[in-house]
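Please build the complete structure, drawing on both the sequences and the hints.
Protein chains in written order, with my numbering: chain U, 102 to 215; chain E, 9 to 122.
Don't read these hints as lab results, they were simulated from the structure.
Where hints are given, some of them may not hold.
Across the chosen pairs, the derived CB separations fall in these ranges [said to hold, decoys possible]: (1) E/Thr94 to U/Thr127: 27 to 33 Å; (2) U/Arg162 to E/Ser81: 33 to 39 Å; (3) U/His173 to E/Pro47: 43 to 49 Å; (4) U/Glu143 to E/Ser81: 17 to 23 Å; (5) E/Lys17 to U/Ile119: 22 to 28 Å; (6) E/Lys78 to U/Ser109: 38 to 44 Å; (7) U/Gly117 to E/Lys78: 34 to 40 Å; (8) E/Lys17 to U/Ala171: 36 to 42 Å; (9) E/Gly10 to U/Gly161: 19 to 25 Å; (10) U/Ser113 to E/Glu77: 25 to 31 Å; (11) U/Tyr140 to E/Ser81: 22 to 28 Å; (12) E/Pro83 to U/Arg162: 35 to 41 Å.
Each computed DSS-like pair below joins lysine-lysine, with the alpha-carbon atoms no more than 27 Å apart [claimed, not checked]: (13) E/Lys65 to U/Lys138; (14) E/Lys17 to U/Lys138; (15) E/Lys65 to U/Lys106.
These numbers come from a predicted model, not from an experiment.
Note that the Cβ used here is the ideal one computed from N, Cα and C, for glycine as well.
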Amino acid sequence: DQQVKQNSPSLSVQEGRISILNCDYTNSMFDYFLWYKKYPAEGPTFLISISSIKDKNEDGRFTVFLNKSAKHLSLHIVPSQPGDSAVYFCAASARTGGSYIPTFGRGTSLIVHP
Amino acid sequence: DGGITQSPKYLFRKEGQNVTLSCEQNLNHDAMYWYRQDPGQGLRLIYYSQIVNDFQKGDIAEGYSVSREKKESFPLTVTSAQKNPTAFYLCASTIGGAASYGYTFGSGTRLTVV
Chain U
102 DQQVKQNSPS LSVQEGRISI LNCDYTNSMF DYFLWYKKYP AEGPTFLISI SSIKDKNEDG
162 RFTVFLNKSA KHLSLHIVPS QPGDSAVYFC AASARTGGSY IPTFGRGTSL IVHP
Chain E
9 DGGITQSPKY LFRKEGQNVT LSCEQNLNHD AMYWYRQDPG QGLRLIYYSQ IVNDFQKGDI
69 AEGYSVSREK KESFPLTVTS AQKNPTAFYL CASTIGGAAS YGYTFGSGTR LTVV
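Right, dumping it as structure tokens:
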């Protein structure tokens, strides 16, 4: 059973517009959420994170929103650029034995058209 | 520059052979992890290690083995017991117990059974 779900396998957006990537989770013990960006044949790179005590975190063009009651988070990219084209993974973690071990979603492939 | 080095980038294995994937980090991170990525799947945790000489099974540990004799090294052996080993393998590390820093990933090893 998937605890972290990214229901949209792909998303296509025009350059300059907003990209919104969504993620749902089922485990109420998750208290930290992260987004990773991945290019083909490379390892993911950490993008932005949010703690469960917040509902918004912003870093430049990237903003993550967390709705705990709905168990939903989203990543907004404004404005979208062609270089943002990649697979984006949502991850959620809970403290287990002194460490945080994230559970990853299946990813959403974002394509930004010039 | 600090980072994680995975080698080799591409690896071919014959049926019935064991192979070992290398992962080395010079970030002085306490915790190291191995993930497997299959097409259309998220990152699934194979094994993780929070300190030297200690490691824990992840969600899909069957057919794999690891060792953590040094802080900077966490090799993964794919044994002949792993029925479907063809996949993209990612190694990651993080400061132990800290959710906010996220993971640093290596660039991955693509293993193909021939």
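Now the hints, each set against the structure:
no. : hint                            : verdict
1   : E/Thr94 to U/Thr127: 27 to 33 Å : holds (30 Å)
2   : U/Arg162 to E/Ser81: 33 to 39 Å : holds (37 Å)
3   : U/His173 to E/Pro47: 43 to 49 Å : violated (26 Å)
4   : U/Glu143 to E/Ser81: 17 to 23 Å : holds (21 Å)
5   : E/Lys17 to U/Ile119: 22 to 28 Å : violated (36 Å)
6   : E/Lys78 to U/Ser109: 38 to 44 Å : holds (41 Å)
7   : U/Gly117 to E/Lys78: 34 to 40 Å : violated (48 Å)
8   : E/Lys17 to U/Ala171: 36 to 42 Å : holds (41 Å)
9   : E/Gly10 to U/Gly161: 19 to 25 Å : holds (23 Å)
10  : U/Ser113 to E/Glu77: 25 to 31 Å : violated (47 Å)
11  : U/Tyr140 to E/Ser81: 22 to 28 Å : holds (26 Å)
12  : E/Pro83 to U/Arg162: 35 to 41 Å : holds (38 Å)
13  : E/Lys65 to U/Lys138             : holds (26 Å)
14  : E/Lys17 to U/Lys138             : holds (20 Å)
15  : E/Lys65 to U/Lys106             : holds (23 Å)
Hint compliance for this structure: hints 3, 5, 7 and 10 are broken, all remaining hints hold.
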